[in-house]
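Enquirer: Chains as they are written, first to last, in full-length UniProt numbering: chain Z, 1 to 449; chain B, 1 to 449.
The hints are simulated quantities; they were obtained by calculation from the structure and are not laboratory data.
Check the hints yourself; a few may be wrong.
[Unchecked claim] Label pairs and their calculated CB-CB ranges:
#1 B:N204 - Z:Q337: 36 to 44 Å
#2 Z:S183 - B:S377: 51 to 59 Å
#3 B:G134 - Z:D355: 26 to 34 Å
#4 B:R306 - Z:E169: 47 to 55 Å
#5 Z:Y316 - B:E280: 36 to 44 Å
#6 Z:G130 - B:E280: 29 to 37 Å
#7 B:S151 - Z:E133: 51 to 59 Å
#8 B:D51 - Z:Y97: 55 to 63 Å
C-beta: ideal position from N, C-alpha, C; glycine also.
Number of protein chains: 2
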Amino acid sequence: MSPTRPAESMNVQRAEADRYAVCNGGKKELYLENLLERKLYIREIEQHVSDKTITEVWISDGGKFVGITWNDGHVSRYHAVWLRHNCHCPSCRSNTYTNLVPLDVLNAELMVHDVTMEGEKVVVITWSDGPGEGQHRGPIPTYWLRYYCYSQEAMRLRREQRALIFQKENILPEVEFKDVMKSDVGLYKWLRELSDHGICVVKNVPTEKGTIVKVAERITHVQRTIYGETFDVVSTPDPINPAFSQAALAFHSDQPHYEAPPGIQMLHCIQFDPHIVGGENVIIDMFEMAEQLREERPDYFQILARVPVTFQTMHYSRSQPAHLQMSRPIINLNHRQEVVGMTCAAAKLAPLAVDEEDVEPFFLALAHLYNMMNRSSNTYKFRLTPGDLVTFNNRRMMHSRTSYEGQTGHRFLQGTYVEISEFQSRLQVLHNLLGQGRLARHCGNFSWL
Amino acid sequence: MSPTRPAESMNVQRAEADRYAVCNGGKKELYLENLLERKLYIREIEQHVSDKTITEVWISDGGKFVGITWNDGHVSRYHAVWLRHNCHCPSCRSNTYTNLVPLDVLNAELMVHDVTMEGEKVVVITWSDGPGEGQHRGPIPTYWLRYYCYSQEAMRLRREQRALIFQKENILPEVEFKDVMKSDVGLYKWLRELSDHGICVVKNVPTEKGTIVKVAERITHVQRTIYGETFDVVSTPDPINPAFSQAALAFHSDQPHYEAPPGIQMLHCIQFDPHIVGGENVIIDMFEMAEQLREERPDYFQILARVPVTFQTMHYSRSQPAHLQMSRPIINLNHRQEVVGMTCAAAKLAPLAVDEEDVEPFFLALAHLYNMMNRSSNTYKFRLTPGDLVTFNNRRMMHSRTSYEGQTGHRFLQGTYVEISEFQSRLQVLHNLLGQGRLARHCGNFSWL
Chain Z
1 MSPTRPAESM NVQRAEADRY AVCNGGKKEL YLENLLERKL YIREIEQHVS
51 DKTITEVWIS DGGKFVGITW NDGHVSRYHA VWLRHNCHCP SCRSNTYTNL
101 VPLDVLNAEL MVHDVTMEGE KVVVITWSDG PGEGQHRGPI PTYWLRYYCY
151 SQEAMRLRRE QRALIFQKEN ILPEVEFKDV MKSDVGLYKW LRELSDHGIC
201 VVKNVPTEKG TIVKVAERIT HVQRTIYGET FDVVSTPDPI NPAFSQAALA
251 FHSDQPHYEA PPGIQMLHCI QFDPHIVGGE NVIIDMFEMA EQLREERPDY
301 FQILARVPVT FQTMHYSRSQ PAHLQMSRPI INLNHRQEVV GMTCAAAKLA
351 PLAVDEEDVE PFFLALAHLY NMMNRSSNTY KFRLTPGDLV TFNNRRMMHS
401 RTSYEGQTGH RFLQGTYVEI SEFQSRLQVL HNLLGQGRLA RHCGNFSWL
Chain B
1 MSPTRPAESM NVQRAEADRY AVCNGGKKEL YLENLLERKL YIREIEQHVS
51 DKTITEVWIS DGGKFVGITW NDGHVSRYHA VWLRHNCHCP SCRSNTYTNL
101 VPLDVLNAEL MVHDVTMEGE KVVVITWSDG PGEGQHRGPI PTYWLRYYCY
151 SQEAMRLRRE QRALIFQKEN ILPEVEFKDV MKSDVGLYKW LRELSDHGIC
201 VVKNVPTEKG TIVKVAERIT HVQRTIYGET FDVVSTPDPI NPAFSQAALA
251 FHSDQPHYEA PPGIQMLHCI QFDPHIVGGE NVIIDMFEMA EQLREERPDY
301 FQILARVPVT FQTMHYSRSQ PAHLQMSRPI INLNHRQEVV GMTCAAAKLA
351 PLAVDEEDVE PFFLALAHLY NMMNRSSNTY KFRLTPGDLV TFNNRRMMHS
401 RTSYEGQTGH RFLQGTYVEI SEFQSRLQVL HNLLGQGRLA RHCGNFSWL
């Protein structure tokens, strides 16, 4: 693997490339067969792309571009350099998708010299790699070209498929503990609800401490934080965090002081005495709130997307002292001005360090956002009962809690987290292995696409 | 904790605020004493801020601002809303720094009504909280005002303190295993080298498997990934990753497909037979490379900071299949156009999905960056010997490896990671407890400030 390998190994690798080059050797058929089988890893390709064949292919702009017309009428146009970067010959791409194309050949003089079809499923391209580089010849499967087509229309369709659903169900989405634990179908249902609605309750979980870790590990290892593998939400005297009291908690994301705040948050209700008044949980979709804010007050939306805040936790009286700080805007946009991340916890805000003229507008915008959330009826409000394990996306949903009255320890939740990238990975795997191969929706992990 | 608490609890909290209000009760002296003691958590305040006293304080713009002249001549100017957000009365701030100020009072009509000194170390402010809100009165310590002053000059000084050092030592920074393990002073030295130079070798580590976890846990728990708690770098047949072969590896960041790629990378050399030729490690500071690129080719710099790429890992043949994807630009800038993050691994790049006109310039820019790195002499190149444990910041440094020849298993490194936020937290704690209280430098965690 050496996209820009040291000079001494370059000749060796070039020789290797020549030796295995798909259109020059005896292994060609076998290689092409393996290549086409790899598409099975992406179910969506199987479902929606594999029946697309090429009607016409042509070279334009003196070799700068390749145009393709597909059997459904769609037209694609690929830059010579883009194609070269996607060459699938054995010297350019490993069987685990590692890209081995040397970057130095991706220069402005690189041109497509020739395009031919190898059956219906493989395009073979010859490039002139630019001054002193000679020619390179390699295959690209047609499914790959269609799946990764970057026309405006293709990119729009992909964006639509990944878009979030904001519609709130009247009933909190639920799955059964035994289903989640015993089969991947049950696991998939749970993760789909989490992805679509941002929240799901796992019902009838044994009220034994530690069970939450077994549930989390259906996705992957838990995400450890300064609060450990799991944490106990009980009311304690002199709490280090207001969560460990009986006080009301305003809407917040957990642990925004991390570069990657916890992803999926889980709270397992082990004890909650019926006579306790209050202590209900409230969950709200902050991506939806951001869109409402963008509509109602575009000026406030813009300032929350531009002005950095610092989330801060300083605990020097712990056995392992913590001093965590993270600065970024509350709303995070990609290059298309779409919201791709959002973290907020007013209680964790360090003093604002911005240009003077931004101070007042920032606070007005923040207060307005909280005001919108507090008056919204588009929330999930519920009281957990023992055996409930509520799970929600801490990168998309904010949560709050009403205050409660009762004796210490009679409301006991055990909590843990799962990292957001690993959640999304598991969901994408299940979409491909058990579902229709759709793309995982945005999950608030700052990913731009 | 309820910055925007539900209406029903508002009256209760207001009453509480009245009860404890610092300037109305018998607990005033005790409260102010506790308040001033909290500064001990930030050593820098003790060292550089605590001797700053106020020479003059005034209200301007009809209560919109408070101006302060300090005994060293520095002039600060604070917005009324900013001050209100930093009120330190017991109803506005817990003893663990949680900010309890209700956001709805931070409105445009909020004004400073009165400012007085309470001794030399505390400013007491009275605000008119706006229509229908009445007045609020509370203290702010002078050290806090000076430390968090957001004048252009104060912010410039903070930025300078956090800036990275790019100067490469001729000798690779080293610390002794026994020093790291036995004292916080040794730990601090190690983390300081890592912060200043981006790399440090821990010497004379016992060549026992698992020792690396003990070293990592001097900072905090290890960061688990799809490769587990630790991973073994040995040459294997049919490797799932080119790292597990004898091939040369180009410069890369590890696991860029995560939202938060691994922070501090550690590689413990357990076996490396002397007769093996090659297999050297090379490390380069990519933040420095970015600055060189900005100077040499500002157009390339801008395109790498604007165009999103997708890093992708698809492993469906694992016992737990993985399908990880993360999209963002290779260079990440904050609002001041400073580099705050960078991830690159050409081998992990998915097909580019961008506007057509960006395709060619992007690849030219990427090739140029790699070319700069490959020709740079500003690298650390070294051959590990058994007992060496190299540690480097995977968010700042890229690493590569020369190819090597020899039998399978005769070069054996064990690796692990530590999360970048927790590394920075531990370093900041040690700066404050053992050092001069300086601010932790930027570590590539995308933090804007």
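Enquirer: Mind checking the hinted window 29 to 37 Å against the Cβ distance between Z:G130 and B:E280?
Expert: 30 Å, holds
Enquirer: Do B:D51 and Z:Y97 keep their Cβ atoms within the hinted range of 55 to 63 Å?
Expert: 60 Å, holds
Enquirer: Given a hint of 26 to 34 Å, does the C-beta separation of B:G134 and Z:D355 actually sit inside it?
Expert: With a Cβ separation near 31 Å, B:G134 and Z:D355 satisfy 26 to 34 Å, so the hint holds.
Enquirer: Indicate whether the distance between the beta carbons of Z:S183 and B:S377 respects the range 51 to 59 Å.
Expert: At roughly 57 Å between Cβ atoms, B:S377 and Z:S183 fall inside 51 to 59 Å, so the hint holds.
Enquirer: Could you check the hint for me, namely that B:S151 and Z:E133 are 51 to 59 Å apart, CB to CB?
Expert: 55 Å, holds
Enquirer: Assuming the hint says 36 to 44 Å, is it satisfied by the Cβ distance from B:N204 to Z:Q337 or not?
Expert: 54 Å, violated
Enquirer: Honestly, do B:R306 and Z:E169 meet the 47 to 55 Å range at C-beta?
Expert: The hinted range 47 to 55 Å is violated for B:R306 and Z:E169, with Cβ atoms some 39 Å apart.
Enquirer: Evaluate the given range 36 to 44 Å for the C-beta pair formed by Z:Y316 and B:E280.
Expert: 42 Å, holds
In the structure shown, a violation is registered for the earlier hints numbered 1, 4, in ascending order.
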